[in-house]
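Enquirer: Kindly generate the complete structure, drawing on both the sequences and the hints.
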Amino acid sequence: MVHMNRWVSIREKIVKNTLTVFALSSLLFLFLIFIFILIEGLPLFLKVGLKNIIFGFKWAPTKGYFGIFPMIISSFLVTFGALIIGAPLGLSCAIYLAEYSGKRLKMILKPALELLAGIPSVVYGFLGVIYIVPIVREYLGGSGFSLISTSIVLGIMILPTIISISFDSIMSVPRSYREGSYAMGATKWQTIFKVVLPAARSGILASFILGMGRAIGETMAVIMIAGNALKIPTNITDPLRTLTGNIALELAYATGDHRLGLFSTGIVLLIIIMALNYLANFGIKRRI
Amino acid sequence: MDVKIKIDNLRVYFEKNEILKGIKINIAKNMITGFMGPAGSGKSTLISIINRMIDFEDNVKIEGRVLIDDINILDKEINPVSLRRRIGTVFAVPIPLQRSIFENIAYGPRLKGINDKIELFKIVSDSLKKAFLWDEVKDRLDMSATKLSGGQQQRLCLARTLVLKPEIILLDEPCSGLDPISTAKIEEALSELKKEYTIVLVSNNTKQIARISDYSAFFYLGELIEYGTTEKVFTNPSQKKTEDYISGKFG
Ligand SMILES: Nc1ncnc2c1ncn2[C@@H]1O[C@H](COP(=O)(O)OP(=O)(O)O)[C@@H](O)[C@H]1O
Ligand SMILES: [Mg+2]
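Just so you know, the sequences run in chain order A and B.
For the first sequence, the working numbering gives the first residue as 130, with consecutive numbering after it.
For the second sequence, the working numbering gives the first residue as 1267, with consecutive numbering after it.
For the record, the hints were derived by calculation from the structure and aren't laboratory data.
Misleading hints may appear alongside valid ones.
Straight line, CA to CA, 30 angstroms or less: simulated DSS-like cross-link-like pairs of lysine-lysine [to be verified]:
| # | chain 1 | residue 1 | chain 2 | residue 2 |
| --- | --- | --- | --- | --- |
| 1 | B | Lys1507 | B | Lys1290 |
| 2 | B | Lys1342 | A | Lys235 |
| 3 | A | Lys180 | A | Lys232 |
| 4 | B | Lys1327 | A | Lys232 |
| 5 | A | Lys317 | B | Lys1378 |
| 6 | B | Lys1282 | A | Lys317 |
| 7 | B | Lys1395 | B | Lys1342 |
| 8 | A | Lys317 | B | Lys1431 |
| 9 | A | Lys232 | B | Lys1342 |
| 10 | B | Lys1272 | B | Lys1461 |
| 11 | A | Lys232 | B | Lys1461 |
Expert: What follows is the structure, given as structure tokens:
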């Protein structure tokens, strides 16, 4: 008995220590990425000035202009555009799935959604170029490579995120909440609207924010559809370039300060995404 | 007696299991009828038939009739939502909405389209008084209802039911989680309320049934074993099972 106990406790220690090492090393990678980007990107901020980068309108890195303001605006525009399209669609879908669909339909639709999330973004971009860009060109004018086309494609891409997190938070509203409402003579829709959705509010909000995080970080589909012009769009049919697009398009040939400028773009992107994640976590925590 | 609810040969099946086995019972108007019996005897199922909450269960089969004022409420024509506005239900665990005390009670009237501030205040305060809760909350109607004590929350749920002016109030073990003082307050409220309402009280506490109900029913494994005036059931039961249950030999 004594021997076995000792062996068990040694084994427990080994498992624990191994897991600790793995856990710490993944944290370390994250930390290294962060440090690396900061080391590469920060010097340019010091050299050119924070204001000239973040609020600069002109991006001509080989001539010493590193203004990424139009790209920041463009990133936010496509993100909000995606949200305007994805949020109502995704939330309706989550409500339908959670409250109206039968068990069998749920069992088919949930995996289908997960599949949707697994489609590579280049496929979304490809479909966007083939179907959405021509339709926009036809009916709204312009080249079709535009804010609206990008928003539509991103709106569809963030659907799985919004649906699955909203669905989970709607499902986690206790059955007794609904029963209390029904017992007071509420209809199904009144119960959903006045009891279930308010109770699931923070999870739904978190799903929107995580969807935004996905949209603002999306690269491949965006460079295929956005048109990548270096100005702030004034119309939904104007082309635009996002922060992610900027990095992906130029990294291959950028050298010297140009290369550093792309790292600065990366820092700004990283900060925006971290802020969104923080907001989403904040929302989720408040629910618990 | 003046019959409010007439249950006629009611059989309920979940999947293949017969949960209620041909229940026949007449429930008197403006009286308190107590339902007692060990866990699993079908009391809650019977309650959920009367308020049609059973509609939310899958794989249920119902046979027989439940007449309220001579209308069969199991009929397809009956709209369960309007039925539930005539039948209030208080559950074992009080679940206030995550809103203020006032809004919890105003919820039902608002659903019916009443939005006038003064009218709402009047009906909210009326039902809080009837539920014996008014004195404890009148100065803090804006406070979140979830901050009330368990006993207060249960009376809030009673008030929330009363505000709809139902004809029937169903209470499914309303005092099971409450301290004796809160229990006494609920009992006091119920004894007062029976003048206006038909009340069905499910309780696993036989003493409570004996204290406040006018008629008592004893259920066992889906059957109605004994039914009569509370006095008769508790002093001179006709079935051995009833006597054993009341005297605490099983349950
Ligand atoms: N949704 C359900 N599905 C299947 N069986 C159920 C369901 N609800 C209750 N039952 C069964 O019906 C019987 C009666 O339950 P219930 O009406 O809750 O009894 P009581 O309220 O007297 O304790 C129990 O055997 C229980 O397991
Ligand atoms: Mg029960």
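Enquirer: If a hint holds in the structure, say so; if it does not, say that too.
Expert: Checked hints:
1. B:Lys1507 x B:Lys1290: Given that 30 angstroms is the threshold and the Cα spacing comes to 18 angstroms, the pair holds.
2. B:Lys1342 x A:Lys235: holds, 27 angstroms
3. A:Lys180 x A:Lys232: Violated, at roughly 55 angstroms.
4. B:Lys1327 x A:Lys232: holds, 19 angstroms
5. A:Lys317 x B:Lys1378: Satisfied, since the Cα-Cα distance of roughly 14 angstroms is no more than 30 angstroms.
6. B:Lys1282 x A:Lys317: holds, 28 angstroms
7. B:Lys1395 x B:Lys1342: violated, 37 angstroms
8. A:Lys317 x B:Lys1431: holds, 21 angstroms
9. A:Lys232 x B:Lys1342: holds, 24 angstroms
10. B:Lys1272 x B:Lys1461: holds, 20 angstroms
11. A:Lys232 x B:Lys1461: Roughly 45 angstroms separates the two Cα atoms, so the pair is violated.
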